[in-house]
Amino acid sequence: MSVKVRMAPSPTGFLHIGSVRTFVFNWLFARQRAGECLLRIENTDTSREVAEAVDQIQESLRWLGIDWDGPVTFQLDTAERARELARELVEKGHAYEDEGAIRFRQPKEGVVAWDDAVRGHIEFRNELLPDLVIVRSDGRPTYNFVSPVDDMVDRITHVIRGDDHVSNTPSQINILRALGAELPVYAHVPMINGADGRKLSKRHGAISVENFRADGYLPAALMNFLALLGWSFDDRTTIMAKHELVERFSLERVVPSPATFDYQKLDWMNGVYLRDLQPDEYAHFLCKWLEEQGIDWPQEMVHATAPLVQEKIEKFAQYPDFARFFFEPVDPPEDLDAGICQAAADRLAGVEPWAATAIEESLRDLADELGQKPRQAFAPIRVAVTGSKVSPGLFESLELLGRETSLARLTAVAA
RNA sequence: GGCCCAUUCGUCUAGUGGCCUAGGACACCGCCCUCUCACGGCGGCGGCACGGGUUCGAAUCCCGUAUGGGCCUCCA
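Take the first sequence: its letters are residues 3 to 417, numbered as in this note's numbering.
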């Protein structure tokens with residue numbers, strides 16, 4: 003039998019990375035089993051809805067490479083259907099009116115239990131479950147009612163969601179039973195915390211997909227990282243392309259305990275993906291990112307610098323500072339060794355051809371003649387030319403900058 | 001407070017009673033490479049929350065404690 007899952011964000015703002023991790027699991031599961039993955043916006047609480055959120059959510063998912071089957075649906079669209087079912091429940095004695103609202107009548111004895119695909123057997127005593135409101139006095143059905151109803155109507159086979167829903171599950175199961183519906187398989191995946199063990203929030207760093215996009219992470223790297231938060235393939239595999247994740251994912255290997263979001267590991271992983279790109283691909287993604295950030299440096303030059311920075315930075319957000327000297331004037335400190343800069347300028351004036359290897363040869367000769375170690379001699383030259391003690395390869399940078407600019411920067415220090 | 005859940009290096013995790021002298025990755029430290037930074041190579045540091053059981057044998061099973069989290073809204 004084919005599986006069917008749903009991703010169910012609420013449109014209250016940008017897509018939170020924790021929700022996305024849950025969606026990644028849903029998506030991987032569905033794609034692996036050649037099933038369906040729906041996108042349902044849970045907008046039952048109209049007061050918290052943010053207008054642009056619905057578009058934003060889709061844009062974020064598309065960017066990450068997560069697609070969905072069929073049109074986007076809205077929880078509110080099934081409100082009428084839910085109201086009818088609520089009335090039926092009242093007629094059958096499974097629910098009752100209470101000050102204009104309708105409450106679900108929980109069974110008063112026994113237990114409600116399910117075998118969670120992630121956490122195993124879980125059970126609750128019915129007598130402890132409150133009779134929850136399923137339709138508000140203003141007629142809008144509540145989340146805990148519409149959600150199982152939609153799952154029933156959509157014939158969802160696996161409900162894969164955050165474990166903050168564990169406590170809602172017994173009530174939703176009782177509702178589904180009262181409705182005569184078949185139960186889906188439940189899989190409650192652990193939450194993601196910040197380094198302090200608290201819920202991941204702004205003060206921890208990037209939290210929405212848009213944040214990560216703006217920081218210059220690659221979608222494939224982000225997905226790889228997210229998939230590994232609470233799931234693993236084996237004891238050693240960490241870098242996995244999308245198709246490999248799809249092939250290898252399984253709910254059985256999702257762990258039940260919460261995970262901490264490790265930004266450093268994400269950075270490392272993104273660096274791995276960045277370095278693995280073909281040079282032209284790298285340049286292409288870099289240009290796209292710069293454009294998104296509103297930085298309009300000449301594309302041709304950006305392309306030329308790409309091979310010089312590819313192995314040096316872990317995310318595109320580091321590019322502007324690292325490569326700025328290619329595009330803008332530098333402002334080196336006063337205390338540079340003017341002598342060696344002038345000597346370098348003199349030497350470089352006659353280098354032919356103006357290419358990294360010839361430049362390197364010439365500067366090494368200079369260092370040699372001055373009786374200095376290369377690292378010692380090149381330091382002031384680097385600062386004079388790039389404005390920083392840390393930069394892409396010096397000789398390649400000089401080549402790219404061109405003789406004129408290079409000499410100008412070197413002599414500017416001497417002046 | 002009640003109910004439910006979780007607990008292996010700092011972090012992500014492997015581990016389903018003997019393969020564990022607990023493995024890998026990130027981070028960190030050291031060395032090598034080296035024009036800086038990074039990459040790469042080599043090495044190091046570091047963990048089964050605690051206490052009881054069960055068993056010939058427990059990170060793995062059971063009970064308790066502690067800690068953390070979730071839910072207990074006419075929020076989702």
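Hints in this document: simulated from the structure, not taken from any laboratory.
On a predicted model such as this, the values are computed, not experimentally measured, just so you know.
By construction, the Cβ of each residue, glycine as well, lies at the ideal position given by its N, Cα and C atoms.
The reader is advised that the hints may include incorrect statements.
Claimed, not checked - Across the chosen pairs, the derived CB separations fall in these ranges: (1) 255 to 125: 45 to 55 Å; (2) 203 to 102: 33 to 43 Å; (3) 306 to 374: 47 to 57 Å; (4) 313 to 348: 55 to 65 Å; (5) 213 to 306: 24 to 34 Å; (6) 243 to 167: 40 to 50 Å; (7) 320 to 125: 49 to 59 Å; (8) 326 to 348: 51 to 61 Å; (9) 67 to 331: 32 to 42 Å; (10) 281 to 170: 33 to 43 Å; (11) 168 to 67: 23 to 33 Å.
Hints versus structure:
1. 255 to 125: 45 to 55 Å: 24 Å, violated
2. 203 to 102: 33 to 43 Å: With Cβ atoms ~36 Å apart, the hint holds.
3. 306 to 374: 47 to 57 Å: 30 Å, violated
4. 313 to 348: 55 to 65 Å: Once the Cβ atoms are compared, 32 Å apart, the range 55 to 65 Å for residue 348 and residue 313 is violated.
5. 213 to 306: 24 to 34 Å: 29 Å, holds
6. 243 to 167: 40 to 50 Å: For residue 167 against residue 243, whose Cβ atoms are near 31 Å apart, the range 40 to 50 Å is violated.
7. 320 to 125: 49 to 59 Å: 51 Å, holds
8. 326 to 348: 51 to 61 Å: 27 Å, violated
9. 67 to 331: 32 to 42 Å: 40 Å, holds
10. 281 to 170: 33 to 43 Å: 50 Å, violated
11. 168 to 67: 23 to 33 Å: Between residue 168 and residue 67, where Cβ atoms are some 29 Å apart, the hint holds.
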